[in-house]
Structures are given as structure tokens and as C-alpha cells.
Amino acid sequence: MSDNYTSILWNKQKKRYDMILWAGIVLLLLSFTAFQFVLYKDITVETLIIRATALTAIVLLHIILAIGPLSRIDSRFLPILYNRRHLGVSMFLLALIHSAFSIIQFHVLGDTNPIVSVFTSNIKYDSISEFPFQTLGFFSIIILFVMAATSHDFWLRNLSPKVWKGLHMSVYLAYAMIILHVALGTLQYESHPVYWVLLILGFVIITGLHIFTGIIERRRLNGDKTDLIENGFYEVCSVRDLKENCATTVFVNGENIAIFKYDGKLSAVHNVCKHQMGPLGEGKIIDGCITCPWHGYQYRPEDGQSPPPFTEKIKTYEVKMINDMIWVNPSPKQEGTFVEPAKVKTS
Amino acid sequence: MESFVIILLSIFGVYLALGVLFSIIYLWKGISKVDSKTEESGFFFKILLFPGMCFFWILFLMKWMKSSNA
Chain A
161 MSDNYTSILW NKQKKRYDMI LWAGIVLLLL SFTAFQFVLY KDITVETLII
211 RATALTAIVL LHIILAIGPL SRIDSRFLPI LYNRRHLGVS MFLLALIHSA
261 FSIIQFHVLG DTNPIVSVFT SNIKYDSISE FPFQTLGFFS IIILFVMAAT
311 SHDFWLRNLS PKVWKGLHMS VYLAYAMIIL HVALGTLQYE SHPVYWVLLI
361 LGFVIITGLH IFTGIIERRR LNGDKTDLIE NGFYEVCSVR DLKENCATTV
411 FVNGENIAIF KYDGKLSAVH NVCKHQMGPL GEGKIIDGCI TCPWHGYQYR
461 PEDGQSPPPF TEKIKTYEVK MINDMIWVNP SPKQEGTFVE PAKVKTS
Chain B
-4 MESFVIILLS IFGVYLALGV LFSIIYLWKG ISKVDSKTEE SGFFFKILLF
46 PGMCFFWILF LMKWMKSSNA
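Note that the protein sequences, when read in sequence, are chains A and B. The first sequence: position 164 = 324 (the numbering used here), numbered continuously. The second sequence: position 48 = 43 (the numbering used here), numbered continuously.
There is no bait here: all hints are sound.
Straight-line distance between alpha carbons at most 27 Å, and here's what the computed DSS-like set of lysine-lysine pairs gives:
(1) Lys493/A x Lys322/A
(2) Lys61/B x Lys322/A
(3) Lys28/B x Lys325/A
(4) Lys41/B x Lys174/A
(5) Lys322/A x Lys58/B
(6) Lys473/A x Lys61/B
(7) Lys61/B x Lys24/B
(8) Lys480/A x Lys503/A
(9) Lys403/A x Lys493/A
(10) Lys175/A x Lys32/B
(11) Lys58/B x Lys473/A
(12) Lys325/A x Lys174/A
(13) Lys325/A x Lys444/A
(14) Lys41/B x Lys322/A
(15) Lys480/A x Lys403/A
(16) Lys425/A x Lys480/A
(17) Lys325/A x Lys32/B
(18) Lys61/B x Lys325/A
(19) Lys505/A x Lys444/A
(20) Lys403/A x Lys425/A
(21) Lys503/A x Lys444/A
(22) Lys175/A x Lys41/B
Rather than coming from a laboratory, the hints here were simulated on the basis of the structure.
Please model the complete structure; the sequences and the hints are all you need to start from.
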């Protein structure tokens, strides 16, 4: 969180993250290169670069897509989620190198403009075995470029969080096109089944993770509806179920609410961070403020306001305790409204 | 097919070229008027914004015009 934009908000954790990321990338590139030289002694440098960057980029893309659901299942994955944009930009750079070398290798030496050639050298869109898979790759790199180019808080603010989020959800469209690009390309050039096995395995893992996480999230959120209403309040859970400085979340009457326990008190706020819609309920109270687990944005629990000089505000809700049970009123207060915290009294 | 692709890519190319021109001027002169959080941001930050700005330049042109009128 900062008042003015900086290019990258470097800290010790981010530097370590990037070092591990790029060590992994270099290791994968070198391992694959060695493997290719063993299998194909006459392989050219251009072909090697095309294949190595393609493999590394697609592995990274699978990691990127898996992190979100994995973080929902197990909070130990959250540190990887925090700097996912670094993963995304790195993946784009590798994909860009792959695209550039592919265009140079296959489209430069003809009479036609290389970019035009990507679309016109093969127009058998009615064939599966000879499908022009290159165009799928082209459109997916455009999507990845737009995502990489807008991976900064400046874009979140200036495009609006809703538009920015929509834009970045197009990663799934890019993923689908890349899967087809690889599948249809592999069909034309490779006969070994290992490529198909790996591709299908990756797709099944990503799809399975998303479906599984979607089901458990829906059950968790819907399972919190109760039939006990007292003055518009809904019973949530026992206060003993909450750890100190942590939250429980509940979805009631269309409201996504996080209830925090801290300093012998309870406060309820909207469970969605203003920054990039991170799940505040998965964060903690640090220095007296609710801290978003994604990027560290903070809000005071009693009024949902960010501490000065920051100006972000979130909705707040009334909360009370009756016989060790936490109750919340899902009618939201206006963003930034002070609500007297409920005192924690255990019997 | 080839003519159609050439026309589309040419239009996109012109769009991007205008975006490059706009982005240079906007990042130099206009950005801090539209978003006050960029006032003390460094040169490298603006370099980071450049590619995306070439793509979304129409949106920022409208924002700049709106802030100038205001």
C-alpha cells in the first residue's frame, strides 16, 4: 500500500520470491535443453528456444492458475499467491520469446509480411489435423500482453477494479486457446504420446481444482444460512471457534461478511478488499488493522476505514454476542461507518 | 483472406502507432493531471506503463480531456 505509485514495491519477501522463481525458470530451461540435445542431436538453436520457452511458459501458466484454488484449500499457498503478478509477467516474457522465434523461424523468409503470414499461410480452419493452430497462439499472446502490461495498481485504479478484474479473468480464455494451440500443434508435429498425456493431465488438474474449490466455497458460504433471526441478526458461530486476530466469514442475504476477533472485541466488515477484491476474512489483524492477505491493504475493524493517509473504505455491519454465539446483522452500514464492536464475553 | 487480414492488421497498426504518440505526450505531460498519485512517481514507473498505455490510449485521452474541461 502506498500513497504514490512506484514501479515495483520491492521488499525482502518479493526479492526472495523472484530469485526462487527465476532460479526455477532457468533450471527448467537448462534441464529441457539438455534433454533435447540427448534426444535430438541435430536440433537447431531456434527450435530449441521455441520448445524450451513454450514448455516453461505453459508450466508457469499451470502454476499460476493452480495457486488461486490451492490457496482456498490450504492457506500455506498464500505466500505464492501474494506475488502472482510476478509469475504472470515472467510467463508472458517467456511466451513472447517463444512467439517471436516462432514467427522468425516459420514466417520471415517468405514474400508475405510475417504477421500476415501467421494468419494466411494456413487457412484450413475446417480441418482438425491441419488446423492453423498458430492463430490461437497469436491471440493468446495478445491477451497475455494486455494482462502483463496492466499488472500494476495504476491500472486497477484507472480502469476500475471491476474492469481490471474482468480483463484479468481473460486468462482463462488465453488458457483455453493455448491448450488448443498445443494440442492442435502437437497433432501435426509430434507422434510421441507423452505430450498428450502431459497436456491432458495439466488441463484435468486445473479444471478439477477449480471445480472442487468452487463446490467447497459454495457449500461453506451457503451452509452459513441459519433460521434463527433476532431483530434482523443471523447466528454465525461460537466465539470460541475464532482465533485471536483472525476472522470467520459468512454469506447472508447477499452480503459477504468477515467477522474479526481482536482485543476482546468483535467487528464485522465487508469481506472484499477494495484493492483487488482479496478475501479480507483470510487475513489477520496486524497493528490494530485488518490486513488483506493478498497485498497488505489495511482497514480499521471498527469503521472499515484505511488508516490515514489512505482513503479506502469498506462496509461495516452490526455484530453482537449472545451466550457465546456471534450474531451479525447483514444490513450493511455505509462504507466507513463506525459500529461499536461487540465485547467478547465467554461463559 | 489475405487482403482482409492486411486491412485489419493495418488498422490495428495505425491504432498502436497513435497510441505510441499519445503515450509519450501523456506520460510526459498529462498523467499527473489525471491521477494525482503519479506526481512523484519515477521515470521507470512511466516506462512500465508505456506498453499498456499504447493499448488503452483512447480511454486515457478521454480522461485527460475530461479533466482539462473540469
